[in-house]
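2 protein chains.
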Amino acid sequence: MTGKAPGKLTVAQAGEAATIAAIREAAPSETNGDDAAVLDPAPPNSRHLATTDVLVEGVHFRFDWSTPFEVGAKAVTQNFADIQAMGGRPTAVLMSLAAPADLELGVVSEIARGVGECAAPWAVELVGGDVVSSTQLVVSLTAVGVLAGPDPAMTIDGAVPGHEVIASGVIGHSAAGEAVLRYFGSREAVPDDAVLQDLVRRHCAPELVVGRGSVARAAGVSSMTDNSDGLLRDLTSLATRSGVRLDLDGTALTPDAQLYYAGEMLGVDPWEWVLTGGEDHTLIGTTAHQVPAGYRTLGTVRGAGDGPAVTVDGHMPIYTGGWDSLA
Amino acid sequence: MTGKAPGKLTVAQAGEAATIAAIREAAPSETNGDDAAVLDPAPPNSRHLATTDVLVEGVHFRFDWSTPFEVGAKAVTQNFADIQAMGGRPTAVLMSLAAPADLELGVVSEIARGVGECAAPWAVELVGGDVVSSTQLVVSLTAVGVLAGPDPAMTIDGAVPGHEVIASGVIGHSAAGEAVLRYFGSREAVPDDAVLQDLVRRHCAPELVVGRGSVARAAGVSSMTDNSDGLLRDLTSLATRSGVRLDLDGTALTPDAQLYYAGEMLGVDPWEWVLTGGEDHTLIGTTAHQVPAGYRTLGTVRGAGDGPAVTVDGHMPIYTGGWDSLA
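Top line first, the protein sequences correspond to chains Y and P.
Taken in order, the first sequence gives residues 1 to 327; the numbers are from UniProt numbering.
Taken in order, the second sequence gives residues 1 to 327; the numbers are from UniProt numbering.
So that you can see chain Y by itself, here it is in the shape it has in the complex:
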């Protein structure tokens, strides 16, 4: 007996079997526990989707900013946004943890609980994973999904001149929340202010709307991605891959009251958050058809030509840049 409470036990003290048991208790699934997970049969005439995303402590999250639960939830959101952006729905998630020996078992449990609870509204379970030893905590999630029916997936190269640019979800709020955390130094130090707390939550655990991707695909949306590395960066990828240019409508992008409020407090122009901030996991795409339910218009798709791939009201955006995961 170590005399420590179970939650204070480290993963090295607990060992592999007990750590896996803790994960399975926090995010239960009958499917989990064998060499590979056997997924439920998919509906006839469907294809599978697969995507993976990694979060590294100190790079993508810090425990004085985010709770372990939020880290697990955010990892799910990132992966499920990628499944949504193809027009599919997620059906399973797997988690690999590379964890330092002194990581508390309770932290692992909370990460797994975040994964399980964030996946639950989609009727998705944590069906498998791996736990190994490392010097830095690395949370690697893989989502599998299903693309029902014969319609094409929404691809990043599917934008066509004349399309409308559309979006579903807030833009810039995650970046604003990160700026708030950076400004005050820690989650604890952030004032008890409804706007600031809401922005911080949108950074630490951005949320998706279940079904939003499938709705867009059913409405004939042909190109889509999610706002993960920054609005301009992600839209530039979409424009370049599609061989088009995008002109955004400044009015549609105007920062909302929350962003202006935080921007004034922090001395930051909120347009920077809107144009370059990522990790909202907002779905952004283009369509030749009626704007689907839950989406709004952001601009217009133009043909290839000289000048920047993405403009705002016909001009070069006032802020550029975004997130490069290796630079």
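It should be emphasised that the hints constitute simulated quantities derived from the structure, not laboratory data.
Hints are supplied without guarantee of correctness; some may be wrong.
As the list makes no split between identical chains, a pair holds if one copy fits it or if it spans any two.
Capping the alpha-carbon separation at 25 Å, the derived lysine to any residue pairs in SDA-like fashion look like this [stated by the list, open to error]:
| hint | residue 1 | residue 2 |
| --- | --- | --- |
| 1 | K8 | D324 |
| 2 | K8 | W323 |
| 3 | K8 | F63 |
| 4 | K8 | G267 |
| 5 | K8 | R24 |
| 6 | K8 | E57 |
| 7 | K8 | P44 |
| 8 | K8 | R187 |
| 9 | K8 | P100 |
| 10 | K8 | A101 |
| 11 | K8 | E110 |
| 12 | K8 | A288 |
Since the structure of chain Y is already known, use the hints to place chain P on it.
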């Protein structure tokens, strides 16, 4: 221009886009490059499988022992062995890399090439992934597979008293190869001796036989796993989960000439490698039917009772233990 050869460029110098481009060049796939990979439609009446495994530099591999190509190949082998152990065949692989800023881009390319070439005999491509920054190199692979037809998967809890214990592949050779590397200190220092070099290769890049899992499932094998953490450890898991005991036949387990040769040189009893060594990714299972092609008999399944879960010729094995990924 840095003046450096492209292979000497670091991932931080190259940035995210160029690193992803290098991976896609080394392991090309038309399916790669969108938010999520859209997999080919699976045959009717099939279910999907998913599994994930992580390799950490300094824990699971060292570049003075293994080439980057071998690290990628071994990661594929580990994952595909798990798909095989269910009776399925792999259909797609995704790779996440958490890489230190100073990692050479050429190393990333070689890891990806190892993934692509090891997956190629299965007609499987690297269809997606993620690259992020970290202090330690973490290679996280996920394999998706297909389990064709309505027969049950081979599960770890499917052993029944009266079954024969069966195996396909060498046992103990990866552990012997690791011991050789540890004894001589580095790959370079290993003598130019056919046996030693072969054992080292079996540690650095163990190989699977394509289709071996499906063959077993078609032959009615009901329980299976792979030898990843050590023969006794993996068979103990299978016995415990199945609620049975396994008695192995000492003659069938007898170390082969290669193991005796290396054992004598290193002063190690080769039985230790056979009983406790992992990472051969040998398929081990139990069956009520005829032993499938490519498999051999290792022992017999007994009913639950007192005493150890796994015995050799009715006795407690002379070596116990195995790999705990967190201890």
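- Query: Against the structure shown, which of the earlier numbered hints fail to hold, in ascending order?
  - Reply: 4, 7, 12
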